[in-house]
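Given these sequences and hints, build the entire structure.
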Amino acid sequence: MRRWAWSEALKARAARYLLERSLGPFLEERLSLEQLSLDLRGGTGTLRQLRLCAPALDEVLAGFGMPLELREGCVGSVTVSVPWAALGSEECCVSLSVRGLRLALGTR
133 MRRWAWSEAL
143 KARAARYLLE
153 RSLGPFLEER
163 LSLEQLSLDL
173 RGGTGTLRQL
183 RLCAPALDEV
193 LAGFGMPLEL
203 REGCVGSVTV
213 SVPWAALGSE
223 ECCVSLSVRG
233 LRLALGTR
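Numbering (the working numbering) for the sequence shown: 133 to 240.
No wet-lab data here; the hints were simulated from the structure. Beta carbons: idealized from backbone N, C-alpha and C, even for Gly. Please note: incorrect hints may appear among the correct ones.
Distance windows between CB atoms, simulated [what the hints assert, rightly or not]:
{"#": "1", "residue 1": "Gln181", "residue 2": "Tyr149", "range": "18 to 24 angstroms"}
{"#": "2", "residue 1": "Leu219", "residue 2": "Glu191", "range": "31 to 37 angstroms"}
{"#": "3", "residue 1": "Glu161", "residue 2": "Val212", "range": "16 to 22 angstroms"}
{"#": "4", "residue 1": "Ala218", "residue 2": "Arg145", "range": "39 to 45 angstroms"}
{"#": "5", "residue 1": "Ser169", "residue 2": "Cys224", "range": "40 to 46 angstroms"}
{"#": "6", "residue 1": "Met198", "residue 2": "Ser221", "range": "34 to 40 angstroms"}
{"#": "7", "residue 1": "Ser213", "residue 2": "Gly238", "range": "31 to 37 angstroms"}
{"#": "8", "residue 1": "Leu235", "residue 2": "Gly174", "range": "26 to 32 angstroms"}
Pasting the structure below:
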């Protein structure tokens, strides 16, 4: 048995904690474990059915001088793939896939 053999449930909880620390202000609701799929060995993670916090994201958009206001938003899924074996090499590509992005925008 490895010294740091974490259970899948513990890995998912740790990932959820880290994601909530970074993305939490931009989400309407806290992440549930059911929304998170994680394969650390394979280098993939997916979040599903996210409702976006429009005021927080709109503040970021306003900081960039966007003439549009975000009124509502949701994301069907976001998948991130990290090729662990290729990290550190010159040809390393982290991919991000977003599906089902719906935004309600208005003018400022």
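Identify every previously stated hint that the structure contradicts and give their numbers, smallest first.
Structure breaks hints 4 and 5.
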